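Colleague: Listed below are the residues making up each chain.
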Amino acid sequence: MSVLDAGKYAAFIWPAYGVTALGFAWMIIDSVARGRRWRREAERLDKARAP
Amino acid sequence: MIAALANPHRFMAFSRWAAPALGALAAALILAGLAMGFAAPPDYQQGQTVRIMFIHVPAAWTAMMAYGALGAASFFHLVFRHSLADAAAKAAAPLGAAFTFMALVTGSLWGRPMWGTWWVWDARLTSVLVLFLLFLGYMALRASIDDEAKAARAAAILALVGLINLPIIKYSVDWWNTLHQGESIFRAGGPTLAAVYLIPLALAGAGYSAAFGALWLARTRAEVWRRRAASLALQAALA
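Going line by line, the protein sequences match chains R and F.
If you read the first sequence in the working numbering, its first letter stands for residue 1, the second for the next number, and so on.
If you read the second sequence in the working numbering, its first letter stands for residue 1, the second for the next number, and so on.
Any given hint might turn out to be false.
[Said to hold, decoys possible] Each computed SDA-like pair below joins lysine to any residue, with the alpha-carbon atoms no more than 25 angstroms apart: (1) R:Lys47 to F:Pro167; (2) R:Lys8 to F:Asp43; (3) R:Lys8 to F:Lys170; (4) F:Lys170 to F:Phe101; (5) R:Lys8 to F:Gly47; (6) R:Lys8 to F:Arg228; (7) R:Lys8 to F:Trp118.
[What the hints assert, rightly or not] Restraint ranges, calculated between C-beta atoms of paired labels, are given here: (8) R:Arg49 to F:Asp146: 17 to 27 angstroms; (9) R:Glu43 to F:Ala21: 53 to 63 angstroms; (10) F:Trp175 to R:Leu22: 49 to 59 angstroms; (11) R:Ala21 to F:Gln46: 38 to 48 angstroms; (12) R:Gly18 to F:Arg10: 31 to 41 angstroms; (13) F:Ala35 to R:Gly18: 34 to 44 angstroms; (14) F:Val120 to R:Ala48: 51 to 61 angstroms; (15) F:Trp115 to R:Leu22: 20 to 30 angstroms; (16) R:Leu22 to F:Val196: 41 to 51 angstroms; (17) F:Met139 to R:Leu22: 14 to 24 angstroms; (18) R:Arg49 to F:Leu198: 53 to 63 angstroms; (19) F:Val120 to R:Gly18: 17 to 27 angstroms; (20) R:Leu22 to F:Gly47: 17 to 27 angstroms; (21) R:Ala10 to F:Ala35: 45 to 55 angstroms.
[Unchecked claim] Looking from chain R toward chain F, a few residues come up when the C-beta cut is under 7 angstroms (computed): (22) Gly18; (23) Val19; (24) Leu45.
By construction, these hints were calculated from the structure, which means they are not laboratory data.
Values in this document were obtained by computation on a predicted structure and should not be read as measured data.
Where is the CB? At the ideal position from N, CA and C, for every residue including glycine.
Make the full structure from the sequences, and use the hints.
Modeller: If you want it as structure tokens, here you go:
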């Protein structure tokens with residue numbers, strides 16, 4: 001039997017792991033995207049200010 | 001450490017390498033914990049559903065840790081008026097909400113086959129739902145006030161008031177009769193969980209904590225950049 005065989009409870013176990021994966025994916029993507037966006041914006045404004 | 005990192009330049013230099021390093025550590029710990037968790041035998045009572053424990057319990061721990069971080073950062077902001085502490089508080093709230101949501105949903109998916117119900121208004125579940133609402137309330141309050149300084153102050157006060165919910169969550173299973181099981185890890189006399197489950201759970205718990213640390217640093221960095229951009233935009237508008 002595979003260690004990934006969740007038997008009769010698969011309908012509860014895999015959705016739980018799916019929600020967790022989606023939660024982590026959202027946190028990682030949103031955090032990285034925010035950092036990149038605001039860093040780019042700050043650098044653009046900084047460059048525009050330079051004489 | 002905290003005093004040194006209160007300097008934004010030092011914080012940005014530190015978090016630039018600390019965030020990815022903590023992220024890598026988190027991935028390694030979580031993967032190791034889950035691999036060991038899936039290799040463990042099914043529980044004699046709960047069968048395969050015990051696998052949900054390795055994601056549900058760390059999510060709940062991390063949700064409480066995130067609220068503790070939110071409360072601590074709010075306290076430092078209120079007392080020392082430090083903008084980096086406010087940025088850290090603002091960064092912790094959506095992460096805390098996400099971890100609490102994950103704990104609630106995975107708990108519900110665990111409860112249905114074991115208890116026969118998706119939800120029950122017992123003290124543990126209800127206090128964790130209150131934690132989720134506190135995170136949402138914190139974010140909504142900040143978003144509802146245009147003046148950022150006033151929004152930060154009002155939200156910090158709400159965050160500090162909400163800290164009372166943390167001991168309620170922790171001791172809810174002792175103070176009230178709950179369908180949720182009693183404390184089995186952090187209890188007098190040591191954990192009651194068998195090592196075959198305790199070790200992967202500890203690894204996953206440490207991994208979730210490291211993940212929160214990495215994401216918290218990354219979001220705080222993003223908030224520092226946002227404030228820098230806002231300040232530069234204001235200077236350009238006034239020039």
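Colleague: Determine for every hint whether it applies to the structure shown.
Modeller: Cross-check of the supplied hints:
1. Using a Cα cut-off of 25 angstroms, the hinted pair Lys47 of chain R and Pro167 of chain F is violated, with the two alpha carbons roughly 49 angstroms apart.
2. A hinted pair counts as satisfied when its Cα atoms are at most 25 angstroms apart, and Lys8 of chain R with Asp43 of chain F qualifies at roughly 14 angstroms.
3. Simply put, Lys8 of chain R and Lys170 of chain F have alpha-carbon atoms about 32 angstroms apart, too far for the 25 angstroms limit, and the pair is violated.
4. This hinted pair checks out: Lys170 of chain F and Phe101 of chain F have alpha carbons roughly 17 angstroms apart, not beyond 25 angstroms.
5. Taking the CA atoms of Lys8 of chain R and Gly47 of chain F, the gap is about 10 angstroms. The hint holds against a cut of 25 angstroms.
6. For the proposed pair Lys8 of chain R and Arg228 of chain F, the alpha carbon gap of about 53 angstroms is over 25 angstroms, so the pair is violated.
7. Of the pairs offered as hints, the one joining Lys8 of chain R and Trp118 of chain F holds, with about 17 angstroms between alpha carbons and a cut-off of 25 angstroms not exceeded.
8. For the pair Arg49 of chain R and Asp146 of chain F, the beta carbons lie near 25 angstroms from each other, so the given range of 17 to 27 angstroms is met.
9. Between Glu43 of chain R and Ala21 of chain F the C-beta distance comes to about 24 angstroms, which lies outside the given range of 53 to 63 angstroms.
10. Checking the proposed 49 to 59 angstroms range against Trp175 of chain F and Leu22 of chain R shows it is violated: the Cβ atoms sit about 34 angstroms from each other.
11. At about 22 angstroms, the CB distance of Ala21 of chain R to Gln46 of chain F disagrees with the hint of 38 to 48 angstroms.
12. Separated by about 40 angstroms at the C-beta atoms, Gly18 of chain R and Arg10 of chain F satisfy the suggested range of 31 to 41 angstroms.
13. A hinted range of 34 to 44 angstroms is violated for the C-beta pair Ala35 of chain F and Gly18 of chain R, which are about 18 angstroms apart.
14. The beta-carbon spacing between Val120 of chain F and Ala48 of chain R, approximately 57 angstroms, falls within the hinted interval of 51 to 61 angstroms.
15. Checked against the given bound of 20 to 30 angstroms, the beta carbons of Trp115 of chain F and Leu22 of chain R, roughly 24 angstroms apart, stay inside it.
16. The hinted range of 41 to 51 angstroms is not satisfied by Leu22 of chain R and Val196 of chain F, whose Cβ atoms lie roughly 28 angstroms apart.
17. Checked against the hint of 14 to 24 angstroms, the pair Met139 of chain F and Leu22 of chain R passes, with Cβ atoms roughly 19 angstroms apart.
18. The hint said 53 to 63 angstroms for the Cβ distance between Arg49 of chain R and Leu198 of chain F, and at roughly 56 angstroms that hint holds.
19. For Val120 of chain F and Gly18 of chain R, the hinted distance range of 17 to 27 angstroms is satisfied, since their beta carbons lie about 23 angstroms from each other.
20. With their beta carbons about 25 angstroms apart, Leu22 of chain R and Gly47 of chain F fall inside the hinted range of 17 to 27 angstroms.
21. Taking the beta carbon of each, Ala10 of chain R and Ala35 of chain F are about 19 angstroms apart, not inside 45 to 55 angstroms as hinted.
22. Violation of the interface hint for Gly18 of chain R is found here, the shortest Cβ-Cβ separation to chain F being roughly 10 angstroms, above the 7 angstroms cut-off.
23. The beta carbon of Val19 of chain R is positioned within 7 angstroms of a beta carbon in chain F (closest approach about 5 angstroms), and the interface hint is therefore held.
24. Residue-level restraint check for Leu45 of chain R holds (minimum Cβ-Cβ distance to chain F is 4 angstroms; threshold 7 angstroms).
In the structure shown, a violation is registered for the earlier hints numbered 1, 3, 6, 9, 10, 11, 13, 16, 21 and 22, in ascending order.
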